[in-house]
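Just so you know, the protein sequences line up as chains A and B, in that order. For the first sequence, the positions run 0 to 207 when numbering that gives the first Met the number 0 is used. For the second sequence, the positions run 0 to 207 when numbering that gives the first Met the number 0 is used.
No wet-lab data here; the hints were simulated from the structure. Among the hints, erroneous ones may be present.
Identical copies carry no separate label here, and so any pair may be met within one copy or between two of them.
What the hints assert, rightly or not - In the PhoX-like style, the derived pairs of lysine-lysine whose C-alpha atoms are separated by at most 25 Å in a straight line are:
{"no.": "1", "residue 1": "K103", "residue 2": "K80"}
{"no.": "2", "residue 1": "K183", "residue 2": "K103"}
{"no.": "3", "residue 1": "K183", "residue 2": "K51"}
{"no.": "4", "residue 1": "K103", "residue 2": "K125"}
{"no.": "5", "residue 1": "K122", "residue 2": "K140"}
{"no.": "6", "residue 1": "K148", "residue 2": "K80"}
{"no.": "7", "residue 1": "K103", "residue 2": "K122"}
{"no.": "8", "residue 1": "K183", "residue 2": "K140"}
{"no.": "9", "residue 1": "K131", "residue 2": "K148"}
Protein chains: 2
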Amino acid sequence: MPSNVPNIPDIVIGRLPIYLRALTRLQQEGHEVTSSHELGRRLGISSAQIRKDLSHFGGFGKQGTGYRIAYLREQLEQVLKVNREWEVALVGAGDLGRAVAHYKGFTDRGFRISCVFDAAPNKVGKSVGDLKIMPMEDAPKIVAERGIKLAMIAVPAENAQEVADLLIAAGIRAILNYAPISLKVPDDVRVQYIDPVVHMQRMTFYLD
Amino acid sequence: MPSNVPNIPDIVIGRLPIYLRALTRLQQEGHEVTSSHELGRRLGISSAQIRKDLSHFGGFGKQGTGYRIAYLREQLEQVLKVNREWEVALVGAGDLGRAVAHYKGFTDRGFRISCVFDAAPNKVGKSVGDLKIMPMEDAPKIVAERGIKLAMIAVPAENAQEVADLLIAAGIRAILNYAPISLKVPDDVRVQYIDPVVHMQRMTFYLD
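This is chain A alone, in the form it adopts within the complex (with noise of 0.2 Å):
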């Protein structure tokens, strides 16, 4: 497989980690071996759709026998480039910041929360778990002297801009924002958001 797939839809990106936790999870299972058929059932997606998603890298199974789990997780793993571990920047430390900091979930997933910022005097010196919260004007020194390339913003909306150009401007070219704001970047540096009530606003239409 290529180390650099050219042209693949953002869209079918999106649904690589999704495949990639399921897997982890049949794996946690135990199961060894897993069919287009059996993942569609389990993520809502359909069949045709997941064989034509990995069919961009190659396939990675054959008719009639189905995926090896491993193999496809490693394959998989490797397109996302999360075989490996990339530090992260947390910026906030409200309870927010404290709770991204202690979710357990990053770990053997690609991420280690590296370093927090707060720009709070009474929050700096203070601890997250093994982390001590660090000034937010030391972040685009350490940010660039680490090389750091993800970060992720949990601060007030109205200061989440601010935050991100001056993160951006040290090497930040990822950043997950937990403001509820949409950030102005440039072209390339990725963004992805999470918002719980974006997604709770989409569900209500369907309630009565």
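Following the hints, complete the assembly by docking chain B onto the known chain A.
Just chain B, lined up with the frame of chain A:
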């Protein structure tokens, strides 16, 4: 506008909360009028897409004069049925559940967490904000009695399906799932997922 809008693609519904969030932000910044171009610039969505999405509901704007923000907000809130306050049941009072319970972003956007449940005896009876943590076995009765339709699940992956089954049997019709597994639910139940790792993995694909 009809209260029951037929045949709108779910992907369009999914963008409406993002428009609503941007409009709220514009209003907070003191704007009274906006355009599909301004919204599009803020959101990284084409203005044509925005006009097309809104045309499903009859438009809301006049060619050349833009959108009156207060009016468009009201209309979107009505379409999404968040011009009311929905009670939400939260299951799981660990780090993540507590952060969700403390999250201030739900207020004024249509939601109020009105009860918190946990299966751990050492958590039951303690408080999260204004709410006393109740035992998980009380959840079905309370959800049914109060007619609660929405739930958030913030329990470990291995318990999430069982919790979902109990809640659905009690009347829950929409679930925001923070546990990193895909839930199996009946066709008349909606699920949305919050899994930060899925978003992170979607971005590392593009990094060097």
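Next on the checklist: Going through the numbered hints above, which ones does this structure break? Give me the numbers in ascending order.
Outcome noted: The structure conflicts with no hint, since it agrees with every one listed earlier.
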